[in-house]
Amino acid sequence: MQLFNKYLIYALCLLFHGSVAIAKNEPLHPVKGTPQAAEFTLLDIDDKTHSLLKYRGRVVIVNFWATWCPPCRDELPSMERAWKIFKKHDVVLLGINVGEDADTIFEFTANYPVTFPLLLDLDSKVTKSYPVIGLPTSYVIDPEGRIIYQAIGTREWDAKVLIKKILALKIKN
Amino acid sequence: MSLRLYYIIIISLVFSPGYGATITTGKDEQALLPYWQLQSGVMRLRLVQRLPDQTRAYFSGRGFNKADVELIASYCFFQSVYKNTNKAHSSEIIEYNLTDWKLVYQEKNLSLMVREKWQDIWQSRNIKQAQKIAMEWSLLPTRQTLKSADYNWGMTAYPVPHGATFDLDIIWKINGKVRKARIPDMKCANDIYVPPVEE
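Protein chains in written order, with my numbering: chain A, -11 to 161; chain B, 152 to 350.
Source of the hints: derived by calculation from the structure; they are not laboratory data.
Misleading hints may appear alongside valid ones.
30 Å max Cα-Cα, derived DSBU-like pairs, lysine-lysine [stated by the list, open to error]: (1) A/K36 x B/K279; (2) A/K153 x B/K238; (3) A/K148 x B/K238; (4) B/K328 x B/K259; (5) B/K238 x A/K76; (6) A/K116 x B/K283; (7) B/K259 x A/K20; (8) B/K268 x A/K116; (9) B/K217 x A/K113; (10) B/K268 x A/K113; (11) B/K283 x A/K113; (12) A/K113 x A/K20; (13) A/K36 x B/K283.
Label pairs and their calculated CB-CB ranges [claimed, not checked]: (14) B/D204 x A/A156: 45 to 51 Å; (15) A/T29 x B/S242: 37 to 43 Å; (16) B/I174 x A/Y100: 32 to 38 Å; (17) A/S39 x B/Q280: 21 to 27 Å; (18) A/D78 x B/R333: 51 to 57 Å; (19) A/D34 x B/R333: 47 to 53 Å; (20) B/S211 x A/D34: 25 to 31 Å; (21) B/G214 x A/N99: 20 to 26 Å; (22) A/K72 x B/P312: 49 to 55 Å; (23) B/K331 x A/A156: 40 to 46 Å; (24) B/V329 x A/K72: 41 to 47 Å; (25) A/E132 x B/V255: 47 to 53 Å; (26) A/V149 x B/K331: 34 to 40 Å; (27) A/E132 x B/K268: 38 to 44 Å.
All residues carry an ideal CB built from backbone N, CA and C; glycine is no exception.
Please construct the entire structure, taking both the sequences and the accompanying hints into account.
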């Protein structure tokens, strides 16, 4: 019976430890074949032009989102925290809004303040040039313009493991 | 504690999170409306009732005209969250296709109103591009592949009257293996008008 108790405690520890380890993990999924990211030129809500080609040589995170999408809203605070780290390392973060106008997004940012660029894909043509099926979806593009990672749904973008993985793309090149 | 009780605890700890499909219902904490949830292994689907007035408000806000809003709101909507709950890297990949799902209402098998069906409707109604985009991205994707920690949110639409009760047959794949489950007695929200409170 004592031995059985030991095994029970061990099993519970394993289960508990497993759940803690899992909670810290924020997977980015490798994209098969690392295809070249579709080029785009879009205006942000401050009328500034952003062209993906101009960011060649830097790691770029592209996040497709909308104001009405609850999980998109959920990940904005962690993205903003991550952005503060990324910009120090010359990593670009672009939030591409699907189908909404600048006024709608501007109003929205009163409650969800973010400082990274929010681009307008009014006709969703850029969104459709990527394999986006649902929102939010994010891609990590390496300095050579290849899509390396994908995430469907929210992530804790400021999780250490995730930041490390993204910064490693910069070091590789 | 008896040895038997230990066995029960261990077996429930190891097997209860997933190896069989579990259906739960209750009130969604955020929406404060009834939900139906299916969990099977790493797959979790939660369907939360939406009131027709919520649907009207949402699509009016996206610029649909009154007639189109009423057409949309005549269908039964659920807010839907489809998730691969495995947070660690794992080889378990979920695939689904909403066109495989069936709802059973009054002994008839009916299909969901997926993105493509709405596109057909809008073609005949001369709807603007902005509204088409809003509708398309608001609905749960018709087909999706979800790896660990991936999830999608979106509405699912059902061609049954408000207040109707139906069964939903769900099909998905885990690593290519087909799985099926039925959520019985799902209830579409009633179309209730709540007048504003006068002060």
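Here's how the hints hold up against the structure:
1. A/K36 x B/K279: The hint holds at about 27 Å.
2. A/K153 x B/K238: With a Cα-Cα distance of about 16 Å, the restraint between A/K153 and B/K238 holds, given a limit of 30 Å.
3. A/K148 x B/K238: 15 Å, holds
4. B/K328 x B/K259: 27 Å, holds
5. B/K238 x A/K76: 28 Å, holds
6. A/K116 x B/K283: 14 Å, holds
7. B/K259 x A/K20: 42 Å, violated
8. B/K268 x A/K116: Holds, because 19 Å separates the two Cα atoms, which is no more than 30 Å.
9. B/K217 x A/K113: Holds - the C-alpha atoms of A/K113 and B/K217 are around 27 Å apart, at most 30 Å.
10. B/K268 x A/K113: This hinted pair holds, its Cα atoms lying about 21 Å apart.
11. B/K283 x A/K113: 13 Å, holds
12. A/K113 x A/K20: 23 Å, holds
13. A/K36 x B/K283: Measuring from Cα to Cα gives roughly 27 Å; hence the hint holds.
14. B/D204 x A/A156: 45 to 51 Å: 49 Å, holds
15. A/T29 x B/S242: 37 to 43 Å: Cβ of A/T29 to Cβ of B/S242: about 39 Å, so the range 37 to 43 Å holds.
16. B/I174 x A/Y100: 32 to 38 Å: 34 Å, holds
17. A/S39 x B/Q280: 21 to 27 Å: 24 Å, holds
18. A/D78 x B/R333: 51 to 57 Å: 52 Å, holds
19. A/D34 x B/R333: 47 to 53 Å: 51 Å, holds
20. B/S211 x A/D34: 25 to 31 Å: For B/S211 and A/D34 the Cβ distance comes to about 29 Å; the hint holds.
21. B/G214 x A/N99: 20 to 26 Å: Since B/G214 and A/N99 have Cβ atoms about 21 Å apart, the given range 20 to 26 Å holds.
22. A/K72 x B/P312: 49 to 55 Å: 51 Å, holds
23. B/K331 x A/A156: 40 to 46 Å: Hint holds: Cβ distance 41 Å, inside 40 to 46 Å.
24. B/V329 x A/K72: 41 to 47 Å: 45 Å, holds
25. A/E132 x B/V255: 47 to 53 Å: 52 Å, holds
26. A/V149 x B/K331: 34 to 40 Å: Because 35 Å falls inside the window, the suggested range holds.
27. A/E132 x B/K268: 38 to 44 Å: 41 Å, holds
Going down the numbered hints, you'll see the structure goes against just number 7.
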